[in-house]
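Under the numbering used here, think of the first position of the sequence shown as 6, with each following residue one higher.
These aren't lab readings, by the way, just hints derived from the structure by calculation. Any given hint might turn out to be false.
[Claimed, not checked] Quick list of in silico lysine-lysine cross-link-like pairs, DSSO-like style, CA-CA up to 27 Å: (1) Lys915 - Lys846; (2) Lys251 - Lys133; (3) Lys674 - Lys495; (4) Lys495 - Lys348.
[Claimed, not checked] Restraint-style ranges between C-beta atoms, simulated for each label pair: (5) Phe939 - Ser201: 56 to 64 Å; (6) Glu704 - Pro409: 37 to 45 Å; (7) Leu601 - Gly312: 42 to 50 Å; (8) Gly791 - Leu194: 48 to 56 Å; (9) Glu704 - Ser905: 19 to 27 Å; (10) Asp432 - Thr266: 51 to 59 Å; (11) Ser705 - Gly670: 41 to 49 Å.
The beta carbon of each residue, even a glycine, is placed where N, CA and C say it ideally should be.
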Amino acid sequence: MASTRRIPVTDDSPATSGAPATLADQPEPRSAWDYPRHWIADVLASDGGVVHLRPIVPDDADRIVAFHSTLSERTRYMRYFGPTPTLPPREVARMTTVDHQQRVAIVAVLGGEIIAVGIYEGLGFDGKPESAEVAFVVADEHQGRGLGPILLEHLAGAAAENGFTRFEAEVLSENPNMVAVFRDAGYQLARSFDGSTVHVEFLIDPTEALLSVRNARERASEARSVANLLRPTSVAVIGASTDPNKVGNALLANIIAGGFTGPVFPVNGPARVEEDPGPTRPGVPGTGRERSSNRRRTRERPPSVRGIRAYETVRDIPDPVDLAVVAVPAARVDDVLDDCLVKGVRTLVVVSSGFGDSGEEEGLENERRLVAQVREHGMRLVGPNALGVANNDPSIALNATLAPRIPAAGRVGFFCQSGALGIAILDTAARRQIGLSTFVSAGNRADVSGNDLLQYWDTDTTTDVILLYLESFGNPRKFSRISRRVSRSKPIIAVKSGRGAMTPVRAARSAATLDDQIARMMLEQAGVIQVDTIPELFDCAALFAYQPLPRGPRVRIIGNSSVLGSLAADTARSGGLEVVDAVDLGAGASEEEFELTVSAAMADPGVDAIIVVFVPPVAVGADWHARALMAAANTPDADGAKPIVTTFLAVDGIPPGLTRPGPNGMPDKGSIPSYGSPERAAASLARAWQYARWTMRPESVVHRAEGTDPESARMYVREAMDVDAAPAGASGADAQPDGGAGRRPGERLLGQVESAKLLRWYGIDVVPFREVTTMHEASAAARELGFPVAVKATSPRWRGRLDREGARLDLPDATTVVTAFAELTELTGDSVLHVQKMAPKGVGTVIRVEDDPSFGSVMSFGLSGRTFDLLGDHGYRAIPLSELDARELIDEPRSAPLLSGYRGEEPADKEALVDLLLRISTLVDDIPEVREVFCDPILASVDGAAVLNAEIRVGPVPDRRDTGPRRLG
C-alpha cells in the first residue's frame, strides 16, 4: 500500500490560494515555521510502537529527499502516478514550505528519520472553498502499521480547525488498499470512477461512527503496546550487577527465580570500568598520607552475572530483545536509549529514581526529556522509579520486579504507581490468597498509565477483576471514557490517594486533586468501585474474584452471635442492602444446623446474598464450620448463584477450609472470602450490589442533540477568543477580553448577549431580554418584548440575591418599567440594566460546566441559590453525558424532590431539563474551547425549563489529549 493522488509538481498556485469563501475574515497566512504547537503528537501504531507526528518545516528538505529515496518503485508509482525516481528541488521546496492553513503537511518521525508524510491542499482555486485534497505516503517497511489512518485523522483535525469540511482524493484503480484506508477509518465515502482512477470524497466532521472506529483503533494499539510489555519473548537487564545488594542484581535474580520462559540477558557495561574508590579517608595534612578523592581504580567486567553471560551493551546481544529493564543511575539512563533503538527494543522499564520523584524541578524536567527521547525512539516507558512488571501466565512467567514476594497466578490485574507501596500491596495480596494475572507498578507514570492497562485488561482473557491504586489521573477524560466501557464486563476497584502521595513539585503541576464528592460521582458514573484504603481494596477483590454478583439487594444474615449479626445488619443497611432476615443459631449451633440454615437461604428465591457470622466456641475446633459452609454453598437445591461472605475466625482472605482449589492449587471461583469483622464483610457485599446494579442499567449511548449548528458556533468562539476584537453583537457589559484574575492567558468571559447567541446555535433559547442604558430604551424594550417584564441589575453583587433587591419583577406597564429603571440605577450604580420578558414561575435550578483539574469538563446540577451552594447540594457528571446520565444528574441533589411535585406542587418538566443538559453537554464536547458555562437561574416548571441568565467563558484548551485526534499524553 502506498498513497493517494499526485499533487502536481508543476502547480504554480500560491500556497495561500483557495481560502474557504465561508470565512470572511480569514487570518493572515502563517509562516512556514508558525504552526499550532498542539499539532505535535506522539501516537501509537497498530503494532504498539510509538511514532512522532509534527508539521513539516523547511529544514525537512534533506529528510524528505532521503525518505523518497527509500521508497520502492511501486510505492512511488502509487503515490505520484508515475515512476518519479527523484524529487525535483522545486517539488521538495513546495512540500516542505507550507502555510499550515491552506496547505498542511504532517510527517511521521522515528529515530529522527521521516517514515511517512501526509498533506492536504485547499481546493478554493477549483471553486471548492470548503474542500481540500489529501494525499499521503508511507515507507515500505512501515506499511501495515496503521500510519495511513493516523495521518488522515490528524490531517482532518488540522483541516477542521482551518475551516475545511470535506476531503477529496484521487486513487489509482489498481490501489484498492488506499480506498480501504479511508473506509476503514470510519468515513462515509462517495466514489466515482474515471478510467484508471477513483475519485473519493468524504466529510471530515467526526460522526459517531468515525469516533467509534477511532476508539477501537486506539484500544487495539494501546492493548498491543501493553502486550509488548507484559508478554515479551526476551528480556535484557541493563545494570545487572554482581553485587547482590544492588538493584540490578535483585531484578535479574527475581526474573530467573520466577521461571521466565524466554532468554534473559544481563548487561553490565564495558569490560574495564573505572570506579571511584569512595570517600577520602582522613589523614594528616601535609604528611602525604592523606588519600585524594581524585584517585580512581579499574575493575574488570565479569563475564557473567548469576551464571549467565553478560554483555557490554544491549547492542552486543546476538538475539532480539523485546523488553529492557533499566537499573542504572538516572544520569546514565540517556546512554542506553540509542542502544535500545538500534536493538529494536519495544519497551523500557526504568526502576531508577532521581527524576520527578526527587521533588526537584530539575528532576521533573529530566523526566519529561526522558519520555520525549523514549517516544522519539519508538518505545514505551514504564517508570521511572517503577517497582517493575509481572505476568503470572505460565507461558510467560515474568517477575521483573523488585518485590521479594509476589502472589501466585490468579485472575486479578493490578496497577499502582508507588514502588514502595507496591511491595506492601503484593505481600498483602499473597497473604490473602488473591492471585494476580498481571501487575504493573508505573512509578512516576511518565508514559504507560492506568488507562493503557485498562485497554489491555479489557480484552485479556486471563483477567476478571481490575485493581487500581491511583495517585493521579493522567488523562481523566479518557479514563472516564475507557472505564465506562470496561466496567460493563469487568469490575474496576480503585483507591484514589490524592496529593499527599506525591512530591510537592509534582503535586503543584499535577491534575490529580479533586473534591471527594466530585470524585465519587465521576467514578460512579463510570461504574468504578471506589474504596478509601488498601484493606478495603482487597476486601472487595476477594469477593469479586471468587463469588458471583448479587442479583438484588436482599441479604440474609446467619450466625451464632446476635451482637456480630447486628453489626453486620447495620453496615448492610447503610450500604443500600435490604436485610430480610437475621438468623441467630446460638453459640451451641451444630454443623448440621449451620449447613441446613445456609442451604435454606441458598434455595430461598427471596434471598440474593448471605452473610455468615461465626464465632467458634471456646476450645472447639472450627473445621466443621468450614465443611458446613462449603457444603451449603454447593447445595443442588440452590436458587441460582448467590454470593456468600463470612467472618471465619476473623481471618482475612481465603482460609484453607473455604478454598475451592484451581488447577494451580490457588483459590478458584466458588472459594468463600473471610473478613476480620462483620462490618467489612457487609461493606464489601454492599459494594458488590452497587456495582451489580450499575451493570443492570440499560447502556445509554451518548448521542447528539438535534437542531445544532456546530460550525457556526465554532467560528463564533474562535472570533470571541481574539482579544483584540470582540465579535459582532458584543457591547457594553459584553466587552470583557480578559475574564478576570486567575484565568489562563487568552481566556475571555462572554457577556450575556454573546452567550445567548452561542447557546442559540445549540437550540437553547435564553428568555428574551434587552440591554438598556436609558429610561427611554427601557420603556421601548418592554413594549417590544411584551408585558409583563422584569428589570434587573447586571453587576454580579446584585444578581441572585435572596432579597431580590437587584430586580423588579412582574412589571405590567411602561410607567412601572421607567420607575424600576430609575430605582435600580440609583441603588446599584449599574450603567447597563436588563429588561427581560417574564417567564413562567417555577423552581430555580442551576447548570454549571467547569474545568475540573482531574476530570476535565464537569457538569453540575442543583437548585439555584446561595443556600444550596453553601450546602454543596449538587450532582456532578463528566462530559459527554448520555441520556441516562442526565436523568440521574437531575435526581442526584438531596433537594431534587422539589422538582417532582413536593407537598402537592405541580411537578416540573424534567424532560425539558434533560434536553437542556444534553444540549449543553454537546456544546462543550463539540467545542473544547468552551471552558465554562453558567446558567442561573433556570426556572423549571410544568411548562418547561426557562433559562434566564447565561454566561460562557471561552479560551485555549489546556489539554487536547482526548478532545481531538488520538495521541499519547
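Cross-check of the supplied hints:
{"no.": "1", "hint": "Lys915 - Lys846", "in the structure": "15 Å, holds"}
{"no.": "2", "hint": "Lys251 - Lys133", "in the structure": "67 Å, violated"}
{"no.": "3", "hint": "Lys674 - Lys495", "in the structure": "15 Å, holds"}
{"no.": "4", "hint": "Lys495 - Lys348", "in the structure": "37 Å, violated"}
{"no.": "5", "hint": "Phe939 - Ser201: 56 to 64 Å", "in the structure": "58 Å, holds"}
{"no.": "6", "hint": "Glu704 - Pro409: 37 to 45 Å", "in the structure": "44 Å, holds"}
{"no.": "7", "hint": "Leu601 - Gly312: 42 to 50 Å", "in the structure": "60 Å, violated"}
{"no.": "8", "hint": "Gly791 - Leu194: 48 to 56 Å", "in the structure": "51 Å, holds"}
{"no.": "9", "hint": "Glu704 - Ser905: 19 to 27 Å", "in the structure": "26 Å, holds"}
{"no.": "10", "hint": "Asp432 - Thr266: 51 to 59 Å", "in the structure": "25 Å, violated"}
{"no.": "11", "hint": "Ser705 - Gly670: 41 to 49 Å", "in the structure": "43 Å, holds"}
Checked against the numbered hints given earlier, the structure breaks hints 2, 4, 7, 10 and satisfies all the rest.
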